[in-house]
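J.: Please model the complete structure; the sequences and the hints are all you need to start from.
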Amino acid sequence: MNLTNRKAKIIVDIFMTKFVILSFVRWFGNQGLIFHGIVGTFFGFFLAMHLYLNRKWIVSVTKAMIAKRMNKKSKQLYTVNTILLVVWLIAIVTGFLAIPSYAFDVESFWVFSRIHAVSSRLGGILIIVHVFQHLGQIRSYIGLKGAKQSHT
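Quick note: to get my numbering, add 122 to the position in the sequence shown (first position is 1).
It is worth saying that the hints were derived from the structure and are not from the lab.
Below, simulated SDA-like cross-link-like pairs (lysine to any residue); rule was C-alpha separation at most 25 Å, straight line:
{"id": "1", "residue 1": "Lys129", "residue 2": "Leu207"}
{"id": "2", "residue 1": "Lys178", "residue 2": "Phe164"}
{"id": "3", "residue 1": "Lys129", "residue 2": "Trp179"}
{"id": "4", "residue 1": "Lys129", "residue 2": "Ile264"}
{"id": "5", "residue 1": "Lys140", "residue 2": "Arg261"}
{"id": "6", "residue 1": "Lys197", "residue 2": "Ile212"}
T.: What follows is the structure, given as structure tokens:
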């Protein structure tokens, strides 16, 4: 991986982490809802950039998974990453669908707010798992000695 791509990944991951943490900050009232919506949208944007920057790995691992020529560790990484992506897509979509429930107290949209709450909390837990799976790579990116390289 070239240095520019590595730096881009680090910057995107830092911003993505910052915005997901900010989206979990407790918020109240319409100003809090607006804040949550803005930082959640930025998280979604950086998630899309993260996926774009890692597209080569995603394609190659998907092909290997389909061809059934993956080792156990790679299958585990791929499975967690796929579940993580699905959970965050659900959280992002239901977050937007829940806006009428939060902003205007429209009861018929309440189900989206519950799905959003559950999926984003599950997504937070899966991010922790994802980070631990990629700890060797994270260490190598920030220049820690003795770091093992792992898949993106």
